[in-house]
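There are 2 protein chains.
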Amino acid sequence: MASNITWHAGSVSLTERQDLLKQKGLTIWFTGLSASGKSTLATALEQTLLHAGIISYRLDGDNIRFGLNKNLGFGPDDRTENIRRISEVAKLFADSTVIAITAFISPYRQDRDTARQLHQEAGIPFVEVFADAPLEVVEQRDPKGLYKKAKAGEIKEFTGISAPYEAPEKPEIHIRTDQVSVEEGVKAVIKYLVDQGYIAADKIKQ
Amino acid sequence: MASNITWHAGSVSLTERQDLLKQKGLTIWFTGLSASGKSTLATALEQTLLHAGIISYRLDGDNIRFGLNKNLGFGPDDRTENIRRISEVAKLFADSTVIAITAFISPYRQDRDTARQLHQEAGIPFVEVFADAPLEVVEQRDPKGLYKKAKAGEIKEFTGISAPYEAPEKPEIHIRTDQVSVEEGVKAVIKYLVDQGYIAADKIKQ
Chain A
1 MASNITWHAG
11 SVSLTERQDL
21 LKQKGLTIWF
31 TGLSASGKST
41 LATALEQTLL
51 HAGIISYRLD
61 GDNIRFGLNK
71 NLGFGPDDRT
81 ENIRRISEVA
91 KLFADSTVIA
101 ITAFISPYRQ
111 DRDTARQLHQ
121 EAGIPFVEVF
131 ADAPLEVVEQ
141 RDPKGLYKKA
151 KAGEIKEFTG
161 ISAPYEAPEK
171 PEIHIRTDQV
181 SVEEGVKAVI
191 KYLVDQGYIA
201 ADKIKQ
Chain B
1 MASNITWHAG
11 SVSLTERQDL
21 LKQKGLTIWF
31 TGLSASGKST
41 LATALEQTLL
51 HAGIISYRLD
61 GDNIRFGLNK
71 NLGFGPDDRT
81 ENIRRISEVA
91 KLFADSTVIA
101 ITAFISPYRQ
111 DRDTARQLHQ
121 EAGIPFVEVF
131 ADAPLEVVEQ
141 RDPKGLYKKA
151 KAGEIKEFTG
161 ISAPYEAPEK
171 PEIHIRTDQV
181 SVEEGVKAVI
191 KYLVDQGYIA
201 ADKIKQ
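In the order they appear, the protein sequences are chains A and B.
Residue numbering for the first sequence follows UniProt numbering, beginning at 1 and increasing consecutively.
Residue numbering for the second sequence follows UniProt numbering, beginning at 1 and increasing consecutively.
Because the hints were derived from the structure by calculation, they are not lab data.
Be aware that one or more of the hints could be misleading.
[Unchecked claim] Think about it this way: if two alpha-carbon atoms lie no more than 25 Å apart in a straight line, the pair counts; the simulated BS3-like pairs of lysine-lysine are:
hint, chain 1, residue 1, chain 2, residue 2
1, B, 22, A, 203
2, B, 187, B, 22
3, B, 203, A, 203
[What the hints assert, rightly or not] Selected chain A positions facing chain B (Cβ under 10 Å, derived; list incomplete):
hint, residue
4, 97
5, 120
6, 124
Don't be surprised by glycine CBs; every beta carbon is placed ideally from N, CA and C.
For reference, chain A alone in the conformation it holds in the complex (with noise of 0.2 Å):
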């Protein structure tokens, strides 16, 4: 029997994971309007984490909408329980240190501030990111032409169209993305982070 495997009853607390891997996780929610710049952000910042050798994963719909979400349609009982499922996910990547990245219109303030609950019961730090540019702007964007078809009525319940998103009001960090660039964004983020101490400043550049 050797010697070196260690172990004992029970399952690893948070504070025992994050000592043994140098590392601790927390979400970052990323919240807007379709075309707001959600998931271009939510990219780069991964990108930026996982360079700076830092284990991170992104939430988006390609992932989850294809997969775990698969059995869910668009119908409010749907959207609440894809974004419960997604909070739950998110929070069991947190709890083993990975900084976990969600990318959804996530429009319901309420849902958000579950998925916000449920993180900070365990302990989990919850990062609000509002991915925010003015309708005018992403209807103008509208690189999918969802908005076109969400006006004439070819797509029904589309967020701020046609079913409300209710904007964040105390979110962590607030972009306005149709006035800063894709790295400015990553970088007050990045920012957040290390001021929090939740990454350390010399582990990335900032």
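With chain A's structure known, arrange chain B on it following the hints.
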């Protein structure tokens, strides 16, 4: 604009992520009867990996049934949905380069095969570990008195008593938990991971 922020459009590929973080993810899927020793083995394996500085994360009843899957019951459809969601989440963890460890009875061969296929399609290794102890042994152990209750008809559809357990036909690893110690079981898994090149031999003592 900082030149040190590096990013490109689109997602980071699996191999790029593995190169940046110098680690590879995979899923280690424990299956076996209640009280077969799945959770004990999974816990000891997770701790051994963490103590070697290798990020791993265990999905089990405690963090899944009361979180992500708290809206599922124990009927056939809900059992399948339970395992489906766990498969999807394990795959996400493995995709992020974490070693995901799942510890659920997962009695149906088809559900486990679906989990395997999901991983294979994503190019992520899937290691099925059969925590195997004869029914008479687990009935004897019965730490929570569940077998007793099941036999008395107080619990319906209990795996091994009133619901089937379909043993793996070709698991990557087969551990007779009534014949080997926890340490020996963990060593067998670690040896497999090293032999397959999933973790570096110099990272962990065998």
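Original post:
Does the alpha-carbon distance linking residue 187 (chain B) and residue 22 (chain B) stay inside the 25 Å limit?
Top reply: holds (23 Å)
**OP:** Answer holds if the nearest beta-carbon of chain B is closer than 10 Å to that of residue 124 (chain A); otherwise answer violated.
**Re:** violated (12 Å)
Original post:
Do the alpha carbons of residue 203 (chain B) and residue 203 (chain A) lie within 25 Å of each other, as the hint requires?
Top reply: holds (22 Å)
Subject >> Interface hint for residue 120 (chain A), Cβ within 10 Å of any Cβ on chain B >> reply: Residue 120 (chain A) check fails; min Cβ-Cβ to chain B is 14 Å, beyond 10 Å.
Original post:
For the hint on residue 97 (chain A), does the least C-beta distance to chain B fall short of 10 Å?
Top reply: holds (7 Å)
Original post:
Is it true that the CA of residue 22 (chain B) sits at most 25 Å from the CA of residue 203 (chain A)?
Top reply: OK: residue 22 (chain B) and residue 203 (chain A) at ~16 Å, within 25 Å.
Checked against the numbered hints given earlier, this structure breaks hints 5, 6; the rest are met.
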